[in-house]
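J.: First to last, the protein sequences are chains A, B, C, D, E and F.
Take 1 as the starting number for the first sequence in the UniProt record's numbering and just add one per residue.
Take 1 as the starting number for the second sequence in the UniProt record's numbering and just add one per residue.
Take 1 as the starting number for the third sequence in the UniProt record's numbering and just add one per residue.
Take 1 as the starting number for the fourth sequence in the UniProt record's numbering and just add one per residue.
Take 1 as the starting number for the fifth sequence in the UniProt record's numbering and just add one per residue.
Take 1 as the starting number for the sixth sequence in the UniProt record's numbering and just add one per residue.
Heads up, some of the hints might be wrong.
Where chains are identical, the list cannot tell them apart; a pair therefore holds if satisfied intra-copy or between any two copies.
[Stated by the list, open to error] Listed next, the in silico EDC-like pairs over lysine to aspartate or glutamate satisfying Cα-Cα at most 20 Å (straight line):
{"hint": "1", "residue 1": "Lys13", "residue 2": "Glu197"}
{"hint": "2", "residue 1": "Lys54", "residue 2": "Asp237"}
{"hint": "3", "residue 1": "Lys54", "residue 2": "Glu196"}
{"hint": "4", "residue 1": "Lys54", "residue 2": "Glu7"}
{"hint": "5", "residue 1": "Lys54", "residue 2": "Asp15"}
{"hint": "6", "residue 1": "Lys13", "residue 2": "Asp166"}
{"hint": "7", "residue 1": "Lys13", "residue 2": "Glu193"}
{"hint": "8", "residue 1": "Lys13", "residue 2": "Asp242"}
{"hint": "9", "residue 1": "Lys54", "residue 2": "Asp232"}
{"hint": "10", "residue 1": "Lys54", "residue 2": "Glu197"}
{"hint": "11", "residue 1": "Lys54", "residue 2": "Glu193"}
{"hint": "12", "residue 1": "Lys13", "residue 2": "Asp165"}
{"hint": "13", "residue 1": "Lys13", "residue 2": "Glu248"}
{"hint": "14", "residue 1": "Lys54", "residue 2": "Asp171"}
{"hint": "15", "residue 1": "Lys54", "residue 2": "Glu252"}
{"hint": "16", "residue 1": "Lys54", "residue 2": "Asp274"}
{"hint": "17", "residue 1": "Lys13", "residue 2": "Asp171"}
{"hint": "18", "residue 1": "Lys13", "residue 2": "Glu201"}
{"hint": "19", "residue 1": "Lys13", "residue 2": "Asp212"}
{"hint": "20", "residue 1": "Lys54", "residue 2": "Glu201"}
{"hint": "21", "residue 1": "Lys54", "residue 2": "Glu248"}
Source of the hints: derived by calculation from the structure; they are not laboratory data.
Protein chains: 6
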Amino acid sequence: MFFHRQELQHRAKPDQPDAVYARKLQEVLGGQYGEITVAMQYGFQSWNAHIPGKYRDLLFGIGTEEFGHVEMLATMIAQLLENAPVGVTEGAMQADPTVAAVIGGTDLQHAIVAGAGARPVDSMGNPWTAGYVTASGNLLADFTANANAEMQGRLQVARLYNMTDDAGVRDLLSFLIARDTMHQNQWIAAARELQEEGVEELPVPSNFPQSDENGDVAYQYINFSNGERAADGSWADGPTPDGNGEFEYVPEPPAGYPMPDPTRPDSRFFGTTDLPNTVEKIAGKAQDMLNKE
Amino acid sequence: MFFHRQELQHRAKPDQPDAVYARKLQEVLGGQYGEITVAMQYGFQSWNAHIPGKYRDLLFGIGTEEFGHVEMLATMIAQLLENAPVGVTEGAMQADPTVAAVIGGTDLQHAIVAGAGARPVDSMGNPWTAGYVTASGNLLADFTANANAEMQGRLQVARLYNMTDDAGVRDLLSFLIARDTMHQNQWIAAARELQEEGVEELPVPSNFPQSDENGDVAYQYINFSNGERAADGSWADGPTPDGNGEFEYVPEPPAGYPMPDPTRPDSRFFGTTDLPNTVEKIAGKAQDMLNKE
Amino acid sequence: MFFHRQELQHRAKPDQPDAVYARKLQEVLGGQYGEITVAMQYGFQSWNAHIPGKYRDLLFGIGTEEFGHVEMLATMIAQLLENAPVGVTEGAMQADPTVAAVIGGTDLQHAIVAGAGARPVDSMGNPWTAGYVTASGNLLADFTANANAEMQGRLQVARLYNMTDDAGVRDLLSFLIARDTMHQNQWIAAARELQEEGVEELPVPSNFPQSDENGDVAYQYINFSNGERAADGSWADGPTPDGNGEFEYVPEPPAGYPMPDPTRPDSRFFGTTDLPNTVEKIAGKAQDMLNKE
Amino acid sequence: MFFHRQELQHRAKPDQPDAVYARKLQEVLGGQYGEITVAMQYGFQSWNAHIPGKYRDLLFGIGTEEFGHVEMLATMIAQLLENAPVGVTEGAMQADPTVAAVIGGTDLQHAIVAGAGARPVDSMGNPWTAGYVTASGNLLADFTANANAEMQGRLQVARLYNMTDDAGVRDLLSFLIARDTMHQNQWIAAARELQEEGVEELPVPSNFPQSDENGDVAYQYINFSNGERAADGSWADGPTPDGNGEFEYVPEPPAGYPMPDPTRPDSRFFGTTDLPNTVEKIAGKAQDMLNKE
Amino acid sequence: MFFHRQELQHRAKPDQPDAVYARKLQEVLGGQYGEITVAMQYGFQSWNAHIPGKYRDLLFGIGTEEFGHVEMLATMIAQLLENAPVGVTEGAMQADPTVAAVIGGTDLQHAIVAGAGARPVDSMGNPWTAGYVTASGNLLADFTANANAEMQGRLQVARLYNMTDDAGVRDLLSFLIARDTMHQNQWIAAARELQEEGVEELPVPSNFPQSDENGDVAYQYINFSNGERAADGSWADGPTPDGNGEFEYVPEPPAGYPMPDPTRPDSRFFGTTDLPNTVEKIAGKAQDMLNKE
Amino acid sequence: MFFHRQELQHRAKPDQPDAVYARKLQEVLGGQYGEITVAMQYGFQSWNAHIPGKYRDLLFGIGTEEFGHVEMLATMIAQLLENAPVGVTEGAMQADPTVAAVIGGTDLQHAIVAGAGARPVDSMGNPWTAGYVTASGNLLADFTANANAEMQGRLQVARLYNMTDDAGVRDLLSFLIARDTMHQNQWIAAARELQEEGVEELPVPSNFPQSDENGDVAYQYINFSNGERAADGSWADGPTPDGNGEFEYVPEPPAGYPMPDPTRPDSRFFGTTDLPNTVEKIAGKAQDMLNKE
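When you get a sec, could you build the whole thing from the sequences and use the hints?
T.: Right under this line is the structure:
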């Protein structure tokens with residue numbers, strides 16, 4: 001169960017409206033790595049969790065906070081839009097190119113659809129989609145996904161921080177960046193703990209028997225490009241992070257396998273074959289001729 | 001530049017056709033974590049890379065291999081569909097419930113749209129979308145995304161391995177699982193090397209000055225749920241993975257900030273306010289009345 | 001700010017697993033009118049609200065409950081999937097057509113992607129999209145959207161109620177149907193109250209001056225089809241619900257206006273015009289000829 | 001069957017081209033509540049209608065008109081684009097910031113893809129999707145959806161009216177606003193008539209027996225937020241609009257139900273459990289060890 | 001302007017309901033090459049046409065017919081669904097595997113969302129999207145797109161013809177196939193006529209001066225694969241269809257151009273470079289250290 | 001199998017950065033007819049091909065080249081973004097309207113998401129989707145689709161050519177336009193060869209017996225609009241391109257067929273019928289009354 005209190009976790013008040021920046025901020029609200037994504041992702045991971053206890057508590061604890069971040073950003077965006085100009089009725093566009101430019105840079109649906117309100121979309125206006133969410137039931141994979149989400153999220157907020165000098169906006173972003181720092185650290189710690197406790201190991205999923213995978217190529221780095229320095233990294237030599245093998249560098253792909261013969265599905269799919277005079281075709285043509293007579 | 005040789009990296013030949021399984025296999029071809037995703041993801045990361053050398057070589061080398069995996073899976077799927085029944089013209093569905101069930105479990109577009117061919121979609125028929133791709137320009141974030149992609153990918157192929165007992169299919173999956181083992185290890189190694197070389201550090205992005213983030217909450221685990229064991233993990237106590245702080249556990253969120261006043265945008269957005277008799281409205285109604293007379 | 005308690009608003013426990021039904025239930029979790037939609041819709045309406053007080057309280061109060069409904073459905077679906085068969089390795093499909101049928105009717109991503117977990121998608125596997133959300137800033141329009149959402153939602157859950165005889169599932173659906181009854185009533189009451197208080201009126205938006213709309217056609221029912229009984233309803237005769245006009249029935253569309261001349265954009269868009277020998281073309285061809293010499 | 005006459009229902013001719021406004025106008029052509037949505041929505045509702053006669057006639061009559069509105073808007077947009085500049089070849093952008101701003105505010109696909117033509121997209125360039133359409137077979141629910149669609153539509157056109165002072169554009173918008181006034185009134189009247197005739201009643205669907213819904217919570221307003229004025233509305237006290245109950249205000253959610261135990265699906269889904277040494281895992285590891293020897 | 005008559009262009013009545021086939025038929029209603037696509041495509045091409053007269057008349061004439069095809073298919077699908085079972089309440093699934101299979105093969109939203117009605121989706125449940133539409137303003141390109149659309153459409157209907165033996169359904173499909181035959185022929189004839197009249201020529205767009213294209217490679221077939229028979233076709237030797245060149249076969253790509261140096265964007269994008277100690281980073285770290293003291 | 005060489009097929013280096021143009025160029029990288037589309041389309045056509053030899057070689061040969069075009073465009077876009085301004089921190093927007101305009105015209109995700117890198121999206125920011133791909137298994141249909149794709153592609157690049165005067169960009173576009181010229185010619189030649197060899201004929205699919213299509217309407221041009229010149233084209237009179245018929249012009253649609261009766265699905269779908277007192281409803285209400293007592 002969720003509960004709501006009419007407060008914000010942190011101040012969300014810009015010094016002044018800025019409709020162009022409101023659009024930019026949509027990215028971290030409704031984009032691939034925006035707050036809606038992490039809130040929903042941690043939610044589904046917790047509801048699908050197969051173990052009670054600390055790992056699920058962690059998912060619930062952070063996931064719920066993210067819903068509050070959605071709220072802070074939506075609130076901030078609505079205020080950034082407060083003085084958004086309705087349009088160009090007064091010929092403002094011709095008279096003042098800066099006004100014109102501002103209009104060019106806004107999210108038009110902020111005005112036309114939401115009447116100066118926030119929207120569940122990214123900075124280019126793409127609606128948020130659940131295709132962004134990851135929740136596999138395997139916690140080591142999912143915590144790695146979460147670490148990535150917090151990294152990408154912090155990176156985007158950091159970029160946005162440098163795109164404004166509004167102190168009120170920066171104050172909120174400074175808060176969000178700090179939370180991303182924390183959550184990034186937490187998912188890394190949790191992924192490590194899963195391994196230290198032996199709950200999960202590398203490679204994910206660790207309880208698939210490696211004897212069933214093709215051992216010949218499980219630790220070979222086969223280079224399909226011609227990069228000269230491909231072999232210089234720790235990924236080409238020495239022990240592998242999963243502790244089960246040794247990296248081997250293969251500078252060029254070995255000879256491949258012949259392609260199987262092209263398929264010959266039922267002729268009633270009307271695919272093109274090299275039998276120009278298939279029975280089906282002849283029969284059809286014959287019947288056509290008969291019918292014409 | 002890319003080149004193609006009419007060979008496959010590994011055998012891709014099922015022992016027998018299986019149209020239902022063909023649909024399942026679409027997931028790792030055209031799904032969120034399918035081969036198209038990793039091929040395109042590593043491609044865009046390499047084209048956007050800001051440094052030449054070993055990291056970019058790694059991206060090119062693996063990315064190109066993944067395009068070949070797309071080809072192997074598409075080839076396999078086409079063969080699994082080779083004997084796909086056209087339909088139920090012969091009353092097969094009534095006579096043989098197993099045939100009926102098979103039809104129920106297939107991807108209908110395999111037959112109707114592709115004529116027994118593979119398609120760039122997932123197992124539920126959703127077209128692949130570039131919304132799955134991550135390429136941020138920050139290699140530590142992106143290599144973490146890549147490690148996650150290989151984990152989710154290996155997990156899905158491992159599940160698929162247990163959904164068939166066709167030796168030919170399992171032979172290919174065994175190969176793909178091994179390659180995912182390798183690539184999973186490689187991205188983890190590469191992420192580690194970035195940090196060891198001091199090119200990137202935690203938290204991502206490491207060159208955003210932490211002095212600009214809100215230090216009060218950068219290492220606090222604020223629990224927004226009521227999980228009893230939330231504090232038990234290494235994410236709630238002790239040094240943080242980035243080496244810059246100490247985890248602190250806060251069992252309940254502190255008091256928040258008051259919500260800012262609701263916004264009052266231009267009345268020509270026709271939003272609902274608590275001023276039922278706005279000037280605009282009175283003027284409009286007055287004019288309406290005048291016009292009616 | 002949102003808070004979470006590790007309890008459910010109502011029991012969410014099926015008598016027994018049913019992977020096929022789990023897929024059907026996805027519709028009211030992640031479909032166009034599923035719980036994610038209403039949770040997000042009421043959320044964005046509250047964050048964009050321009051008046052504090054009872055209307056916004058109503059949005060917050062119901063919206064937060066809906067997030068808890070998301071949780072109950074996800075929890076229920078995960079349990080319905082608990083015994084989901086991994087696949088057909090044991091030849092079960094051939095041996096037992098019912099098993100085969102079951103597999104045909106499941107959401108394949110429940111198994112392959114989520115490992116027997118719930119997903120943010122509808123019953124056909126389409127990811128939830130924010131394109132479903134409505135939040136315009138005009139409360140009379142939005143409360144009507146909400147009433148519709150609760151009607152469609154209750155209709156779908158009622159259909160689902162008749163698609164199972166699992167007592168545990170029906171117990172939860174019975175609860176959800178009741179809540180939809182309540183919320184349906186509440187949005188209708190709230191829309192009515194907005195009008196009674198004079199905050200908003202019909203037609204929406206009521207503060208756009210009707211003198212600016214084309215009065216000739218504002219109350220005409222122009223019938224573009226040939227239905228004989230088109231004129232029989234209360235929508236064709238008598239006073240209009242907005243109290244501002246009288247319905248007038250026009251059995252056939254009056255003569256229209258001539259289409260404007262086709263446009264003639266810049267020739268460098270290379271559109272097809274009826275000037276086969278445009279200057280651009282002649283010049284281009286001439287230059288080509290010169291170059292060939 | 002549909003027929004077409006090469007006329008428009010109303011004049012659709014701007015006084016002068018305006019490529020930036022052309023983009024804005026796309027919203028009510030190809031957006032969530034644009035003319036394509038209502039045309040398709042009323043179409044599918046009529047084709048799925050279960051009763052002949054006046055209600056279906058109404059759907060056909062209005063639905064067909066909306067296809068004509070699609071045509072008027074597309075025609076208008078093409079003309080607004082007639083003088084759209086091809087690009088910045090002449091260094092116009094540097095020389096004249098207004099030109100630059102105009103280019104920034106246009107739909108780039110108007111030029112690159114359509115060659116100065118209209119497109120089936122919204123003002124942010126999202127392609128129209130059938131995910132916007134509602135057609136449930138229950139007319140009371142669907143007419144409520146239609147009333148909402150006409151409200152949102154009229155609201156958006158009214159906003160657009162204030163974003164231009166081109167008399168030709170305003171003339172068309174004035175016409176469209178009037179038609180939205182009419183259709184808004186008609187769907188409200190039709191929804192009312194369904195109830196007065198006893199064909200449908202509240203709550204939708206009225207023929208689901210309310211005895212099957214959980215009567216304890218069917219008329220309780222449970223407030224999940226802490227809004228002080230939540231109880232002040234007509235939705236919290238007194239008779240309900242469906243005439244079947246009395247609103248009851250519950251200021252705080254009652255205690256919930258314990259969460260069910262986490263699920264334990266088949267181990268071959270490789271989900272994370274708290275059994276680090278599952279049989280599967282031990283067996284796998286053992287086999288791996290054996291194989292290595 | 002569009003008008004509607006409550007008749008169908010052809011009979012659309014199945015001999016008996018078939019919910020599984022109803023789903024299949026959705027492909028040619030709401031799929032990539034379904035009737036909605038061609039109706040909308042020809043519509044937008046006509047509204048964007050730059051010349052009045054026969055070509056635009058052709059677009060209007062066929063386009064309007066296609067809207068009637070949408071209606072016939074929707075009507076047919078609704079009837080195929082007429083006896084669709086509500087669910088499995090009677091234990092039908094266990095008792096009768098064929099019933100179970102049928103349910104597995106249906107579009108679940110036909111039942112849950114549309115209450116046994118047609119939907120604007122394809123056979124896998126993907127909502128129709130305007131991303132399928134082509135309307136470029138260049139008629140030779142667009143008529144080629146139209147010819148392709150009618151080919152793909154006829155192919156799909158022909159496949160569907162073989163998936164049923166219901167005489168009523170086949171009667172309608174036989175009609176639709178014939179119309180596709182006609183329209184396929186018409187677009188080919190129209191594309192030819194454009195060229196014969198000199199309105200448009202190959203290569204499209206013909207009024208882009210070929211002197212501005214890179215003449216060295218304009219007629220070279222550079223083979224990027226190793227197919228032995230690549231050079232055997234008329235596309236590798238002899239005059240080109242546009243009449244402007246001679247095909248030349250190049251068996252292997254010539255040496256390429258060196259890749260440009262990786263980009264070095266502003267450091268505030270926090271991309272990874274090979275300068276581990278950038279000024280920005282040093283400054284940030286220094287400030288962090290100072291702040292810690 | 002694919003291989004990669006760290007070279008480009010042609011120079012891809014702009015004379016100077018231009019972030020606004022970078023966004024425009026995205027259209028031919030990640031749009032409906034961009035390079036990703038053709039690369040994937042030819043790929044899937046080759047993997048699904050049913051005949052070995054020259055046609056499949058052609059698909060592999062061109063398809064692989066297109067992946068290299070993806071690379072060239074991504075590389076070019078990254079360079080066009082190299083000097084992209086981070087934002088407006090220095091108040092640049094107010095001071096310099098041209099800077100403001102530039103920002104308005106950029107793809108905001110280039111900066112926020114990709115850190116000045118290319119993205120797999122179109123010029124309006126829509127992610128590339130596999131819904132653009134065509135691969136039916138019928139080569140005559142698919143080669144027509146390919147000819148169209150190359151026509152639309154060349155048209156778009158030609159428009160883009162006129163939107164810049166950067167010599168480096170134009171040099172690359174000049175190359176791409178030439179390749180589109182070639183490929184356009186090749187697909188037309190290949191479609192012709194299929195017919196000359198008798199492998200495929202018109203109408204597609206040619207092996208569906210025309211005797212099974214409704215011969216009455218297979219060559220009738222039924223005009224559903226009132227265009228006066230509809231009959232003037234070669235599509236209305238004379239022999240048809242498939243050689244099997246004669247065009248016949250029908251100036252007005254003949255009388256249609258009566259609509260079938262509306263459907264009456266199971267009452268548990270709760271659709272609206274004209275039986276206001278259905279058994280179900282009466283029973284439900286009765287039970288409700290009983291329960292209330």
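J.: Hints first: check each against the structure and report whether it holds.
T.: Quick rundown of the hints versus the structure:
1. Taking CA atoms no more than 20 Å apart as the test, lysine 13 paired with glutamate 197 passes in neither setting, with 44 Å inside one copy and 31 Å between copies.
2. When the C-alpha separation of lysine 54 and aspartate 237 is checked against a cutoff of 20 Å, the pair qualifies only between copies, where the shortest distance is 13 Å, while the shortest distance within a copy is 37 Å.
3. Only within a single protomer do lysine 54 and glutamate 196 lie at most 20 Å apart by alpha-carbon distance; the minimum there is 15 Å, versus 31 Å between protomers.
4. In this assembly of identical chains, lysine 54 and glutamate 7 lie within 20 Å of each other by CA distance solely across copies; the values are 16 Å between and 28 Å within a copy.
5. Taking CA atoms no more than 20 Å apart as the test, lysine 54 paired with aspartate 15 passes in neither setting, with 41 Å inside one copy and 28 Å between copies.
6. Proximity of lysine 13 to aspartate 166 under the C-alpha cut-off of 20 Å is restricted to the intra-copy arrangement: shortest distance 10 Å within a copy versus 37 Å between copies.
7. For the homomeric pair lysine 13 and glutamate 193, neither the shortest alpha-carbon distance inside one copy (38 Å) nor that between copies (31 Å) is at most 20 Å.
8. When the C-alpha separation of lysine 13 and aspartate 242 is checked against a cutoff of 20 Å, the pair qualifies neither within a copy, at 47 Å, nor between copies, at 31 Å.
9. Taking the closest pair of Cα atoms, lysine 54 and aspartate 232 come within 20 Å of each other only across two copies (6 Å); inside a single copy the shortest separation is 40 Å, beyond that limit.
10. When the C-alpha separation of lysine 54 and glutamate 197 is checked against a cutoff of 20 Å, the pair qualifies only within one copy, where the shortest distance is 13 Å, while the shortest distance between copies is 34 Å.
11. When the C-alpha separation of lysine 54 and glutamate 193 is checked against a cutoff of 20 Å, the pair qualifies only within one copy, where the shortest distance is 11 Å, while the shortest distance between copies is 31 Å.
12. With identical chains, the CA atoms of lysine 13 and aspartate 165 are at most 20 Å apart within one copy only, with a shortest distance of 13 Å there and 34 Å across copies.
13. With identical chains, the CA atoms of lysine 13 and glutamate 248 are never at most 20 Å apart, being 55 Å at best within one copy and 27 Å at best between copies.
14. Proximity of lysine 54 to aspartate 171 under the C-alpha cut-off of 20 Å is found in neither arrangement, the shortest distances being 32 Å within a copy and 30 Å between copies.
15. Proximity of lysine 54 and glutamate 252 under a CA criterion of 20 Å is satisfied inter-copy only: 16 Å between copies versus 46 Å inside one chain copy.
16. When the C-alpha separation of lysine 54 and aspartate 274 is checked against a cutoff of 20 Å, the pair qualifies only between copies, where the shortest distance is 11 Å, while the shortest distance within a copy is 63 Å.
17. Taking the shortest alpha-carbon separations for lysine 13 and aspartate 171, only the intra-copy value of 9 Å comes in at or below 20 Å, while the best inter-copy value is 40 Å.
18. In this assembly of identical chains, the alpha carbons of lysine 13 and glutamate 201 never lie at most 20 Å apart, being 45 Å within a copy and 32 Å across copies at closest.
19. In the homo-oligomer, the alpha carbons of lysine 13 and aspartate 212 lie at most 20 Å apart only across protomers (18 Å), although the nearest pairing inside one protomer, at 57 Å, exceeds that limit.
20. Taking the shortest alpha-carbon separations for lysine 54 and glutamate 201, only the intra-copy value of 18 Å comes in at or below 20 Å, while the best inter-copy value is 27 Å.
21. Taking identical chains as interchangeable, the C-alpha atoms of lysine 54 and glutamate 248 lie at most 20 Å apart only when they sit on different chains, with a minimum of 16 Å there against 39 Å within one chain.
Checked against the numbered hints given earlier, this structure breaks hints 1, 5, 7, 8, 13, 14, 18; the rest are met.
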